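Asks: Take a look at the letters that make up each chain.
6 protein chains.
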Amino acid sequence: MPQVQIVMIEGRTTEQKRKVAERITQVLNEEIGTAPDGISISFIEVPRESYARGGLLISDKQAKQGK
Amino acid sequence: MPQVQIVMIEGRTTEQKRKVAERITQVLNEEIGTAPDGISISFIEVPRESYARGGLLISDKQAKQGK
Amino acid sequence: MPQVQIVMIEGRTTEQKRKVAERITQVLNEEIGTAPDGISISFIEVPRESYARGGLLISDKQAKQGK
Amino acid sequence: MPQVQIVMIEGRTTEQKRKVAERITQVLNEEIGTAPDGISISFIEVPRESYARGGLLISDKQAKQGK
Amino acid sequence: MPQVQIVMIEGRTTEQKRKVAERITQVLNEEIGTAPDGISISFIEVPRESYARGGLLISDKQAKQGK
Amino acid sequence: MPQVQIVMIEGRTTEQKRKVAERITQVLNEEIGTAPDGISISFIEVPRESYARGGLLISDKQAKQGK
Numbered sequence: 025m026p027q028v029q030i031v032m033i034e035g036r037t038t039e040q041k042r043k044v045a046e047r048i049t050q051v052l053n054e055e056i057g058t059a060p061d062g063i064s065i066s067f068i069e070v071p072r073e074s075y076a077r078g079g080l081l082i083s084d085k086q087a088k089q090g091k
Numbered sequence: 025m026p027q028v029q030i031v032m033i034e035g036r037t038t039e040q041k042r043k044v045a046e047r048i049t050q051v052l053n054e055e056i057g058t059a060p061d062g063i064s065i066s067f068i069e070v071p072r073e074s075y076a077r078g079g080l081l082i083s084d085k086q087a088k089q090g091k
Numbered sequence: 025m026p027q028v029q030i031v032m033i034e035g036r037t038t039e040q041k042r043k044v045a046e047r048i049t050q051v052l053n054e055e056i057g058t059a060p061d062g063i064s065i066s067f068i069e070v071p072r073e074s075y076a077r078g079g080l081l082i083s084d085k086q087a088k089q090g091k
Numbered sequence: 025m026p027q028v029q030i031v032m033i034e035g036r037t038t039e040q041k042r043k044v045a046e047r048i049t050q051v052l053n054e055e056i057g058t059a060p061d062g063i064s065i066s067f068i069e070v071p072r073e074s075y076a077r078g079g080l081l082i083s084d085k086q087a088k089q090g091k
Numbered sequence: 025m026p027q028v029q030i031v032m033i034e035g036r037t038t039e040q041k042r043k044v045a046e047r048i049t050q051v052l053n054e055e056i057g058t059a060p061d062g063i064s065i066s067f068i069e070v071p072r073e074s075y076a077r078g079g080l081l082i083s084d085k086q087a088k089q090g091k
Numbered sequence: 025m026p027q028v029q030i031v032m033i034e035g036r037t038t039e040q041k042r043k044v045a046e047r048i049t050q051v052l053n054e055e056i057g058t059a060p061d062g063i064s065i066s067f068i069e070v071p072r073e074s075y076a077r078g079g080l081l082i083s084d085k086q087a088k089q090g091k
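Residue numbers (my numbering), protein chains in the order written: chain R, 25 to 91; chain Z, 25 to 91; chain H, 25 to 91; chain P, 25 to 91; chain D, 25 to 91; chain U, 25 to 91.
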C-alpha cells in the first residue's frame, strides 16, 4: 500500500506521466507484491527555479551550460 | 508538533480547506494532545493528470467512466 | 484521493493512531467528498532529537523547560 | 532530477528495495529522460500500525481478515 | 545524500530561492559532511489558502490581522 | 511558515541535527523573512538500504567502493 511521491521539474506531458504511473505501479506490484489498487502515485511538479542540486538552482545550472 | 501534508486533486474551495484545516487540527489536539499552535498543515494540490491509483491517472479513470 | 502524511514525535499508541486515522478520513470524506477507500494516511514517527521548531530540537526545548 | 519518496509498510528485504530502486530509475530515465545520476529514491518504512486506508489501520484490516 | 523538501507560501523570488538553496547545501555539507552534489532541494510553493497553522489558514490569519 | 523535511541516511548525532536545525532556521529567517517560530524541521532518517541514487542503493554503492 505505498504512497509514492515524485517531485520533479514541470513540463512533462500527460502521456509521460501515464507511462510512469503505469510502469511504477507494475514494478511495485511485481517486486513487493502490493495490489495495484493500493498504490497511489502523485507527481508534484515545480518550476526550474524551485529545484536545486549541488547548491545550484536547475535554472541557473542550465543558464551556465548555455541551454 | 506534527507536520501534516495533504496531496490532493486541485479544485477545492478555500472554504473546504478552511474546514479541513480546522477539523484536522482539532482531531490531532484531542487525540494526541498537541497544542494547535504546533500543528502545521499544507495542501499540495495537483491536476488530475498528476495523480494515479491502480496505475491509472485520475484523468484517464474519469474519462473511462464517462465523467 | 488524498495522500496524507503526518510527521510527528514517536510514542503514540496504536489506539491513538487508530482514532486519528478514522477521524481524519471522516473529515476528508465529509468536507471534500472523497470516498474513504481512496484516502491513505501514513504516520512518520521521529524521535525528539529529529524534530525542531524555532530552530530548537524538541528534546532541547523540553530539557530547557525542565521536562 | 526527481526526488522519489516511497512510504510503505516495513518488512521488505534489501533485495526487494534494490530491484525497485533499479527499475524505477530505469522507468524515469526511459520515460522522462532524466539521467540516472540525478534520480534519488528514498524508502520510508512504517509499521502496520502507522498506515491506514479507508480509515482503517493496516494492522486492524489484517486482524479482521484473520491474517 | 539528503532529499530536502521545503513547503512554503508562494511568492518568493528566484534570488531568494537561489540563496536558500546555496546556504542550506553549505550547512548540510559543513555539519553532516555530505558532498554538495548529493544534496537535492525542492521548494514546493502553495498559496496562502493552502497552508494552516493553529487550525487557521494563513489567508484568514492575515485577514484577521488587517494585513 | 515553511515545513522542512530532510530525508537522510541514519547515523547523525543529536549535536549534528541541533546545528543543522539551528542554521537552516537562521537561513530561512534571513533570506525569506519567516519568523523562526513558524519554521518546523523534521529529519526522517533511513538505513543505507533504503536510499538510492543512480539506481543503486547507498549500501551497495559503498560495498562496491570497498568502504
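These aren't lab readings, by the way, just hints derived from the structure by calculation. Predicted, not measured: the structure shown is a model, and the values here were computed from it. Treat the hints with care, as some may be off.
Identical copies look the same in the list; a pair holds intra-copy or inter-copy alike.
Claimed, not checked - Using 16 angstroms as the maximum straight-line C-alpha spacing, the simulated EDC-like pairs for lysine to aspartate or glutamate come out as follows:
{"hint": "1", "residue 1": "Lys85", "residue 2": "Glu73"}
{"hint": "2", "residue 1": "Lys88", "residue 2": "Glu55"}
{"hint": "3", "residue 1": "Lys88", "residue 2": "Glu34"}
{"hint": "4", "residue 1": "Lys43", "residue 2": "Glu55"}
Asks: Evaluate Lys43 and Glu55 at a C-alpha cut-off of 16 angstroms and name the case that applies: within, between, both or neither.
Replies: between (18 angstroms within a copy, 7 angstroms between copies)
Asks: Have a look at Lys88 and Glu55 and pick one of within, between, both or neither, based on CA distance no larger than 16 angstroms.
Replies: Classified as neither; 40 angstroms inside a copy, 23 angstroms across copies.
Asks: Given a CA cutoff of 16 angstroms, do Lys85 and Glu73 count as a within-copy pair, a between-copy pair, both, or neither?
Replies: Answer is within; shortest intra-copy Cα gap is 10 angstroms, inter-copy 28 angstroms.
Asks: One pair to classify: Lys88 and Glu34, alpha carbons no more than 16 angstroms apart. Within, between, both, or neither?
Replies: Classified as neither: same-chain Cα gap 20 angstroms, cross-chain 26 angstroms, threshold 16 angstroms.
The structure fails hints 2, 3 (numbered hints given earlier, in ascending order).
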